[in-house]
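Engineer: Dock chain one against chain two, each of which comes alone in its own frame, and use the hints as you go.
Protein chains in written order, with the working numbering: chain H, 1 to 173; chain C, 1 to 435.
It is worth saying that the hints were derived from the structure and are not from the lab.
Incorrect hints may appear among the rest.
[To be verified] Capping the alpha-carbon separation at 25 Å, the derived lysine to any residue pairs in SDA-like fashion look like this:
(1) C:Lys107 - H:Leu20
(2) C:Lys93 - C:Arg378
(3) C:Lys107 - H:Arg130
(4) C:Lys239 - C:Arg266
(5) C:Lys93 - C:Gly153
(6) C:Lys239 - C:Lys254
(7) C:Lys107 - C:Pro35
(8) C:Lys254 - H:Arg130
(9) C:Lys387 - C:Arg337
(10) C:Lys107 - H:Thr100
(11) C:Lys107 - H:Arg148
(12) C:Lys345 - H:Ala160
(13) C:Lys345 - H:Gln60
These figures come from a predicted structure and were not determined experimentally.
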Amino acid sequence: MVRVDAATRSITSVEVRRRLAGGAAGAGAIWAISDDPPSVIRVDPSTRSVTDRLPLVTRQNEATPTPVAIAAGTSAVWVLNSNTATVTRVDPVTRGVSATIQIGVDRVPNALSTDGARAWVANEDGTLSRIDPGASAAASIWVGESLRQVAAAGSRLWVATAALDQQLPGGGG
Amino acid sequence: MSSPRHTLTLLCCAALALGGSACGDDPPSAPGGPPATPLSSSICSPVSYGGPGHPQYLIVVSSGFLGRYKGHGVQTAQAAKLVLTQRSWRAGKYTVGLQACEETSVKTGLPSPEKCARNARAFAENRSVLGVIGPLTSDCATHMLAALNRAPGGPLATISGGNSYVGLTRSGPGTRPGEPARYHPTGRRGYARLAPTDDVQGAANALFAQRNGARRAFVVDDGGAYGHGLAATFTYASKRIGLELVGSARWDPKADNYRPLVARIRATRPETVFIAGLAGAPELIAALADGLGSEVQLMGGDALEPGSIIEAAGSGAEGLVISIAVLPNSSLPPAGRAFADEFTKRFSQRPCCFSIHDAQGAGMLLDAIARSGGDRARVAEAVMTAKVGGGLVGDFSIDRNGDTTLNQMGIYRIRAGRIRFETVITPAPELLARE
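The following block holds chain C by itself, in its conformation from the complex (with noise of 0.2 Å):
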């Protein structure tokens, strides 16, 4: 995930004065109280804990920290951590640690269905774990969810900052037979997620491109959960706000060049091409680019990641617009602003990409074991009925479903090879997929 513009400086350090501990870099000196049982290092960091003694329990991070989302889990975990330092590694009377967890694949660099579904029977078997934040994904989210779900004393709290997939918790356009009851086979919800569904986002897309100027739209999917269910949304908007669908189609990630699907497209010559998916979505935004030109605007949503789109596509990266439900920390309200500040302050960058949101959701988590007695149930309970006010990101609730209620989307454009702010978006209901 390397972007031609990082800021490269060298800083030196006296190594003998490099002694001290950080926060939650080393590990307590005395084990005070029934310790948690730590998952198992092969596929989890060591925990991570800076209150006295042992932790009594553990929340667990599941994200990706290798390959193109590398960021997005680096900056998750820093969130969890300074939330706990933040409540000295408590959850009322209760102490708790953290421990972070890959769910990406070696080879691809993307979520791994095998590690999202080896990590979830990890966090439902071990009875420390009382919550979970993550996953990174929604593809993920569809392999973790039933043993998160079916976990021992369960279900297994889990807050997602990012996953979006309407089928996840409801149906809807562009869901699956079998959604989300799959997902929730005890009956009992306990998945909660922080940042808009996609009904939201695909809704958005269309809107902005028809502020735009667009009339002709071309919609594709990469055919995994996720995209299939965006590009459903957007069409579903698009249908009710007059933004003429010319086609659709599904690009294939092992295809070895695009160039039949971009003449496709092409041949339907539309003003803006919606692209909904993750894998192989740089090459195909370059294929795009080539083949389309500049007229054409390129749009997508949250999963396109900007660094590798620049580094596949280069100049043919420009103008393309990225939706996700994050907004410039600048428009964050004050707690989430000062929160972002603080994170500033201690990791010496920004919090971007859904940071804030999985903070919120590492609090959220914090506050129901609080009231928990260490039950999973009671813990999942509270999450689901969560009421929050003055939160990191605003004042909501979180649904019957398990999705919150706020809906805003920023929309995001890369210039001159940075991804900037573009404006906010927040459609109206008429135009959401709800039941």
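In isolation and in its complexed conformation, chain H is listed as follows (with noise of 0.2 Å):
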């Protein structure tokens, strides 16, 4: 992991020893995710090392999480898993898993963003889905097309969407 000062444009080097597939920065601390293994880092900003290295999965095949996107809240750190399409909310305190959350196989979600509180998931069959703090299941809205991107600013999301129709027809066989 790289850390890039803004000011001076200085570079910092944090060794973490792992794959890293993203990166997001909130509730206190730098956070990435692996997947291999599936994992969740912590990297203190301040004095620039790891603290923590939280394992999403006990044994990885392939009906387990894989990590694809991250974001970080104020009280919660969340995962999103494609391949299983879940979300693991992490606990920023206790620094352990509190939650897997399903969005749904038919969804397909794409991509994660947080507006602090919530999390948000862009899905592949137009939906966008809404994890409240604490909740145990996700609730989905219909947007439209295919979303691809989300981000939260402030009380609006934003997403980007794909006419997902302009590709196909082809079919399995």
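Structural biologist: Structure follows, in structure tokens:
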């Protein structure tokens, strides 16, 4: 992981020793995900050192979550696992997994963001899923087309959409 | 499954306004009647249900939601949800919910034999499940059908919108010993399909090649049930119309490169190459386009997925002909056009792939469940004897093997990086491998 000082443009490396797939800042730390093995890594920004490596699974296989995106809010760190269509909530205080929430394989989750409190997931089926703090399930609403990215800005969300129907037909045999 | 031709748009939503629920998106507030037992969340989505109380029964969508075919899975689930919504999540006096289950390998992005078999076992063991929409591919079906056929109280009714391998329902060119009996071990049938089988697809491709001036054809397949069977039906029809077969070969999806195969094909001086299979097809097409040039017409069956081919072959994908038993929405019968319009209005995109067929299958399952008394065998019997008038894909019936009586094949071509409809072909009966 590399820290770039925006003012001086100086670069500092933090040795993580894992292949990283994403990162986020929030809840008093820098958080990163690795897909090998599936885990969340916490970095203390002041000491620039790894303080925790939180495993997301005990044994990795096709059925276990593989993280692809991370977002850090004020009281939770959220991790999107697209292969299992789930979101893992990490408690930044206890530094452990506090819940795994299903989005649904039929929604095909693509991207994750947080408005500070809640997590938002952009899905291929055109829905946007909302996970409230402490919730055990996601609520999904229809937006349209296929959602590829989501960004939260205050009370508004921005999503990038793509027209799925321009790629097909084609079949599975 | 990305394409350089996506339309990308930014939409802005007021976050605080997003509290409402869309149909089937949130669970019902109170139970009503004996509730269905959901399938495990480790393999399937949560239950979608928008009716009163709880669903009493389930239908499941088994499809691909990862990798190359995820667009198909998304649209199949959307189509099924729309049908259930239109019917108020009811089949007669019964309430029905929907779950969607993944059959794709994370590693390959293609249907996983292990997941296909696992899904089938899970569906069979759960007595709340009265019907299956799927699977997506014929290869997956070969790993599912026996377990679904042996389901307690069954067979468990299964309707696929797109499976096309002949051997799933009857014997014929390219089918394997023991087929189709191995898929229906109880002797009672419960598997129906709504797309024409590969003898129609093979014949339509041979006819199209000939009508476009080809006299010499080479056939390649991937060795899978679908690929091998489709290649055999193309060969069968080609011989009957006088299209000379100058060679045939099997490609190895794990090969380091296809240069030796391309050289072998080039040496036979074909005017068209028919590609039958799934795994490694985009890379093979890229190699064929590069090695044979644009003078040789490349064509293939409905497993060829345009987005991944364009990504792999770039401009080499131009002119590729793909057959699929799906007609443009404008060519659908009135009920199909109305459904397509509603789908477009609801999901902000046109239905593609086999989603109209899958919607037809969902409707047939609900009709069958309505008359079943919750009995799996009666659901299957109703599906296997279905006669559909004014359906989404036309007027048709299910024959004694479980196949549709519809025989139309759409021919598409990649032009300017997009898949475009070319024509529809209905092969004459004498070109079909029927006993």
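Engineer: All the hints need checking, so say for each whether the structure fits it.
Structural biologist: Okay, the hints, checked on the actual structure:
1. C:Lys107 - H:Leu20: Satisfied, since the Cα-Cα distance of roughly 19 Å is no more than 25 Å.
2. C:Lys93 - C:Arg378: Roughly 16 Å separates the two Cα atoms, so the pair holds.
3. C:Lys107 - H:Arg130: With a Cα-Cα distance of about 28 Å, the restraint between Lys107 of chain C and Arg130 of chain H is violated, given a limit of 25 Å.
4. C:Lys239 - C:Arg266: 21 Å, holds
5. C:Lys93 - C:Gly153: 20 Å, holds
6. C:Lys239 - C:Lys254: Status violated; Cα separation ~31 Å.
7. C:Lys107 - C:Pro35: Given that 25 Å is the threshold and the Cα spacing comes to 36 Å, the pair is violated.
8. C:Lys254 - H:Arg130: Given pair Lys254 of chain C, Arg130 of chain H is violated - Cα atoms ~41 Å apart, limit 25 Å.
9. C:Lys387 - C:Arg337: 20 Å, holds
10. C:Lys107 - H:Thr100: Within the cut-off at roughly 23 Å; holds.
11. C:Lys107 - H:Arg148: 21 Å, holds
12. C:Lys345 - H:Ala160: Between Lys345 of chain C and Ala160 of chain H the Cα gap is close to 19 Å, so the pair holds against 25 Å.
13. C:Lys345 - H:Gln60: 41 Å, violated
Hint compliance for this structure: hints 3, 6, 7, 8, 13 are broken, all remaining hints hold.
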